[in-house]
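Chemist: Listed below are the residues making up each chain.
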Amino acid sequence: MTSNTASVTAALHVPEGAVRDHHPGELVVDVHPDAILDLTDRVSQQLGGRLLSLFATDDRARTGAFGVHQVWSLPQRQTFLRLSASIDPAAPSFPSIAQKHPAANWFEREVMDFFGVRPDGHPNPTRVALHDDWPGGARALRKDFPDDSQVPREPGDRHPFRPVTGEGVFQVPVGPVHAGIIEPGHFRFGVAGEPVLYLQVRLFYVHKGIEKRFERLPWRHGLFLAESISGDTAVGHALAYAHAIERLANVEVPPRAQALRVVLLELERIYNHTADIGALATDVAFTVSASRAQALREGLLRANDRVFGTRLLRGTVALGGVKRDLQPEDREALRSALRAFEKEFDSLIALLVDSGTFTDRVDGTGILTNQAARDLGIVGVAARASGIDADMRRDHPHDAYEDLLFKVPVEDGGDVRARLMVRAREVEQSLVILHQVLDRLPDTPCAAPVPDHLPPGASALGWVEAWRGPCTHWVATDERGEVARVKVTDPSFLNWPGLVHAVPGNIVPDFPVINKSFNLSYSGNDR
Amino acid sequence: MSVEALLALVAALLQAGGMLAAAPLLRTGIKKMKARLQNRQGPPLLQGYYDLAKLLGKESVQSETASWVYAAGPRAYFATVVAATTLVPVLVAAAPLEATGGILLLVGTLALGRFALATAALDTGSPFGGMGSSRDMTIAALAEPALMLGLFASALSVGTMNLGVLVRDLVQQGPSWHPSDLLAFAGLFIIVIAETGRIPVDNPATHLELTMIHEAMALEYAGPDLALVEWASAVKELLYLTLLVNLFLPVGIATGFAPGALLVALGAWAGKVFLLAVAVTLVESTNAKLRLFRVPELVSVSLGLAFLALAIRFL
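Protein chains in written order, with the working numbering: chain A, 193 to 719; chain B, 365 to 679.
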């Protein structure tokens, strides 16, 4: 029994042996549904836990019950804690924690949508993922729901939005189809003139049933599905899936592969952050710097293409390591590309923060307070811009991060400026990391062999601090060692409510820049 | 109809035609210069004409909820802008239809076009059109008086509200560096930025409906209707720049219809408008767009400048 296990057992007031060491850095407690509320309170208050994911499993064939699982990050202990409860299929419901832990809000409603297991005591027990024309009885993630089912659409009225009333108050519907090349999502603003009183977001237009699809794919092929979850986070999701599989199969990833995975992840981070910074400039019509940022991003993508043979870093991660080793001459090419980038990037940031008309647009715009960010369980860039010092690369080190020196930039403003500055400073830290890694790449193979079969009836969590925030994949196998369930949590799913919270009080024409400062993925959210 | 009236009508048609022909070049030119400042190639200089030809060749699409107001909007907007071109001296120190009215008629005609477009944008019931109209009117409530005051400041130096007479006198006096003229020029330059929907007031290149002002009003239009709106906006921009250069830098303007003088006038006009277009480009490229509620502050500055210019005339 490790010291973590003992201290967690004590803090939760559970009997000795209830907290199990599942994998390194991953504890599991089986709880009775009635104890969920008390235990979650203790996890968040005594252990400083932050909810990362909440999901259900259909274990009726094996145990005769549904499972409802919560995954908490315990950053002070560098460990994750999973609380798992068995739910009787005869009365499929579980106690909701959303009232006290708003981060669980969408998760619990998604469990209801896809499993038909109701969260009891949820403050707003309505559909979140399913749209109105989906028939009530079709529970897509239950095992007895064939993945090729043709579901008849239910006719009915249009979605009833919450009314916003008052003198001179009206609603502005925007989307789901937008101008420009972005994904679909419906925004409904309740406005009094220009100021926004209330924002309702309707997503899941690009729900593709990815979690269901994983259950039908051979687990080796799941990697390709994982990297397609959100196109801008190909490395992040692929790595999270690979981590889960490797932990399931007890594969030790060689040091060189771990280092190269850091390179890939940081390259993904800087090209996305640079693009986001440029997009912020575009949205406030600061044209020259927007163009410079685009050119910088293009330079990075070309370096990616040259070194890894892929611009957006798809197909670079392998189960057990990476697909392509870095040749010495490629390492030099990457180094010099990064040095050129660094100089240009610094002057781009100087151009932005020294321009009064630009800073006037981003200062104080779209504030997400620290309290709101904590309550909503906001993660990643958005959390760090609201004063939450959390970064999995440091709190739950994966790959080679444990041995690397870097800072976690945190800003207190919570506004567009803070999210911009977190990105800018993270790019600087990424460059620091990349130079460290490239300076001393370990001399080992770049992939370890993966066994032919996964252990049956097992499960493991894979996690990555991707550029937008933590991506987690929880993978469970069935009695044949095939994938029984994959729960994918993209940081966007946790952060969309943060955007909804940051917008009211601002004016309508500032919405695009606030939205862009979060830059959440629709595809990753909808899956 | 008297011979003068007939000649004035011919001149009006020629001038309106000339402005219509030249306007797309101005817009594309600014786009091109902006692109060069961003290290991009930018569109070919004739792109404005290609776009208009393309739009004019398409069919019109009309929302089911739209009434005749929607269809009339672009036509009225286009007509008022074309009419306004005949009230301003361009190459010759005389406006073709100057006998019909001066500064007040010009401002009124442009306001009528604005009213037509704003009403039409409300007609479909699309929230973007409504937002565009409301924003445009908010700005216009300040920009129109500022435009008038700025023009009055110039008119006061000569003592006439007739733009033709005014420019004739200014040409005789030569360029003036009177503080009143400088202040009025600065004020009117801001108005030109605001009225032509340029950064930092509006962004003509944006795709973000929620931030649009002028573009939001044109959002529902397609095909020939859109061509009319775009074309009229381009002409309006050229008209404002022409007014500015002819009132505040009255050099090279022809006083008669001698071919040589006209040619010089054409070159001088094109050169001056180009310089002002460069200034517009630089403003667009070095500024971010203002927060919407700051735009009235900017336009108020121009109102203040125009007021000062006017007051100095009385000192």
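Hints are not guaranteed to be accurate.
Keeping only pairs whose Cα atoms sit at most 30 angstroms apart, straight-line, the calculated DSS-like set for lysine-lysine is [claimed, not checked]:
| id | chain 1 | residue 1 | chain 2 | residue 2 |
| --- | --- | --- | --- | --- |
| 1 | A | 535 | B | 395 |
| 2 | A | 535 | A | 599 |
| 3 | A | 515 | A | 404 |
| 4 | A | 535 | B | 422 |
| 5 | B | 396 | B | 418 |
| 6 | B | 395 | B | 422 |
Quick list of simulated restraints, FRET-style, between CB atoms [said to hold, decoys possible]:
| id | chain 1 | residue 1 | chain 2 | residue 2 | range |
| --- | --- | --- | --- | --- | --- |
| 7 | A | 343 | B | 569 | 36 to 44 angstroms |
| 8 | B | 475 | A | 546 | 49 to 57 angstroms |
| 9 | A | 546 | B | 569 | 18 to 26 angstroms |
| 10 | B | 425 | A | 672 | 54 to 62 angstroms |
| 11 | A | 385 | B | 615 | 45 to 53 angstroms |
Note that these hints are calculated values from the structure, not bench results.
Just so we're clear, the structure is a prediction, and the values are computed from it rather than from any experiment.
We put the beta carbon where it would ideally sit given N, CA and C, even for glycine.
Chemist: Are the hints correct? Go through all of them and say.
Modeler: Each hint tested on the structure:
1. This hinted pair checks out: residue 535 of chain A and residue 395 of chain B have alpha carbons roughly 29 angstroms apart, not beyond 30 angstroms.
2. Taking the CA atoms of residue 535 of chain A and residue 599 of chain A, the gap is about 20 angstroms. The hint holds against a cut of 30 angstroms.
3. Between residue 515 of chain A and residue 404 of chain A the alpha-carbon distance is near 26 angstroms, which keeps this suggested pair within the 30 angstroms criterion.
4. Simply put, residue 535 of chain A and residue 422 of chain B have alpha-carbon atoms about 48 angstroms apart, too far for the 30 angstroms limit, and the pair is violated.
5. Our distance criterion of 30 angstroms between C-alpha atoms is met by residue 396 of chain B and residue 418 of chain B, whose separation comes to about 20 angstroms.
6. Restraint check for residue 395 of chain B and residue 422 of chain B: the C-alpha separation of about 24 angstroms stays at or below 30 angstroms, so the hint holds.
7. Residue 343 of chain A and residue 569 of chain B have their C-beta atoms about 43 angstroms apart, which keeps the hinted 36 to 44 angstroms range intact.
8. Between residue 475 of chain B and residue 546 of chain A the beta carbon distance is about 39 angstroms. The supplied range of 49 to 57 angstroms is therefore violated.
9. Between residue 546 of chain A and residue 569 of chain B, the C-beta spacing of about 23 angstroms keeps the proposed range 18 to 26 angstroms intact.
10. Checked against the hint of 54 to 62 angstroms, the pair residue 425 of chain B and residue 672 of chain A passes, with Cβ atoms roughly 57 angstroms apart.
11. For residue 385 of chain A paired with residue 615 of chain B, a C-beta distance near 46 angstroms keeps the hint of 45 to 53 angstroms intact.
When each numbered hint is compared with the structure, violations occur for hints 4, 8.
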